[in-house]
Amino acid sequence: MNLTAEEIEAIRAEAAHYEQASAASIEALKIVQAHRGWVSDENLADIAELLGMSPAQLDGVATFYNLIYRRPVGRKVIHYCNSVSCWMLGAEDHREYLQQKLGVKLGETTADGEFTLLPIVCLGACDKAPVMMVGDETHMNVDRAAIDRIVSTRGGS
Amino acid sequence: MGKPLTRNIKPDGTAASLKECIKSGGYEGLRKALKDYQPEEVQHLVKDAGLRGRGGAGFPTGVKWSFVPMGENTPKTKYLVVNGDEMEPGTFKDRLLIEGDPHQLVEGVAVSAYAIQASTAYIFLRGEYHLGAARLRQAIAEAHAAGYLGTNILGSDFSLEVHLHTSAGRYICGEETALINSLEGKRANPRAKPPFPQVSGLWGKPTIVNNVETLCNVPHIVHYGAEWFKGLSRGPDAGTKLYGVSGRVKRPGAWELPMGVTAREIIEEHAGGMQDGYKLRGFLPGGASTDFLLPEHLDVPMDYGSIGKCGSRLGTGTMILLDDQTCPVRMVLNLEQFFAQESCGWCTPCRDGLPWTVSLLQGLVDGRGRPEDLATLERLCGFLGPGNTFCALAPGAMEPLQSALKHFRSDFEAYLPRVAAAGAAHA
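Protein chains in written order, with our numbering: chain A, 52 to 208; chain B, 740 to 1166.
Hints may be right or wrong, so weigh each one.
Computed list of lysine to any residue pairs in SDA-like fashion (alpha-carbon distance at most 25 Å, straight line) [to be verified]: (1) B:Lys925 - A:Arg122; (2) B:Lys925 - A:Arg87; (3) B:Lys925 - A:Gln84.
Covered stretches of chain A, going by a simulated chain B footprint (3 or more residues, C-beta under 8 Å) [to be verified]: (4) 53-63; (5) 77-87; (6) 131-141; (7) 176-184.
These are computed hints drawn from the structure, not numbers from a lab. Quick caveat, the model's predicted, so the values are computed rather than measured. For every residue, glycine included, the Cβ atom is placed at its ideal position computed from N, Cα and C.
Generate the whole structure from the sequences, applying the supplied hints.
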């Protein structure tokens, strides 16, 4: 088992909330991802063992959801909303600008490992479109100046 | 109190504290339920109040609860699950309630769990709502410490544990049975019904799944009564509703208004009307999975029956506006791309039909359209329509498409190559 004692304890604490431990699968994946940035095959097998699932069962869950990363990502993941209200208010132009600023295409990570750019569906703030999520933080009414500010945090905490 | 749901919502975006919540009558509904009513009486009260589910389908909440087996000889474990997986494009109302007044939701959970005698409740929250998750965690802990959750709540014999379950982003999780599968740690494919979750849901136990806004109404109904709740409305559907507007309006947002307010009042008075230089061409009245309505429908009351008579659905009550400078075909392409991506792939019509729909629409806007494509799109609206798929995702996806083909036909035809279009006209 390659998971840390801290990760194992957090996963077991989550699993205790449910009739069956496998119900903690998403939370367990997110716990490991929070520590390591993404979920490797090796880590996935460890989580599966802890929750009494087969690795295939857990991988079926891990690959189903938009916010679980099965490949390495940058230190910050930028999710730009591509759904209808953001699209109507210029999300495509913003995505082009963001791609230029970062020098990456969708799904790619910057050469310095700082940012990964991914699309996401509606972030639930359509009244403040366009919207982007950077890490855990949602940025609303995004314009070019906001994108400049987000990208300028490169190397910051 | 004309706006019970948003009475504690502060304009600065901070959450109402437990103290503020209590000052405005918070947890009085729970106190009254436990002191004055048997569980079944709370069910009857909610049924009498005419509360209908606010997640989009509009099923009567008290009726849904009445399908749960009650009494001594029924399963000991029952679950209440909060559907907080707000992922329908154009929909952003539950976020307001979760972030602005998390204790209201916790109280709604406690009263509703009492009504069906559930001992455990899970709040299933979409993974992107990080702020909402933090505020709910705090509210659950505070409510527990204050004796509103936990063992022998407020000295009664009712006990309830509430857990926050955050998801990881998939629209299908908002479907009742897919949500249950997801909560069990499985892929979020929908389940066949029957059995219905009210009888056999989470881990085979009786389970009620209710939307956030629905549950937030419940403590107020118990506190102030069914007649008061009905009196909040302007029409046949009881209560208030969180209505919202996004698109090219001056003040996009969400507001708590009497059920039955007109779309015109919402768009022109609350959202400030269209931005200068833009005209309204159409609107999806209740999120991405509803049929387009036209400016001629602006004076129709936004209630379930009235919107239904116009050929659409109230849905989540949060409107997306189409302006005269946005191409309806490209708008529908964006919507279908969303539904195609978010289909779980469990049933063939949805798994194969939605990418086909996207491919045809993309071909049209790329100038590769053929005259017969419009007829194919219309046929797809039938193939993917109600009754042909496992759940409502694909039929919902077809609603904006079928109505756009009807109302904005010339915009679709304008994408057809001229020679082909001319040939078709002479055929």
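The hints, checked one at a time:
1. Simply put, Lys925 of chain B and Arg122 of chain A have alpha-carbon atoms about 21 Å apart, close enough for the 25 Å limit, and the pair holds.
2. Between the alpha carbons of Lys925 of chain B and Arg87 of chain A the distance comes to roughly 23 Å, so the proposed pair stays at or under 25 Å and holds.
3. This hinted pair checks out: Lys925 of chain B and Gln84 of chain A have alpha carbons roughly 19 Å apart, not beyond 25 Å.
4. Three residues within the 8 Å Cβ limit are the bar, and the region 53-63 of chain A against chain B gives 0, so the coverage statement is violated.
5. Coverage of the region 77-87 of chain A by chain B holds [criterion: at least 3 residues with CB-CB distance below 8 Å; count 4].
6. Counting residues of the region 131-141 of chain A whose C-beta lies closer than 8 Å to any C-beta of chain B gives 7; at least three are required, and the coverage claim holds.
7. Counting residues of the region 176-184 of chain A whose CB falls under 8 Å from any CB of chain B gives 6; the rule of at least 3 is met.
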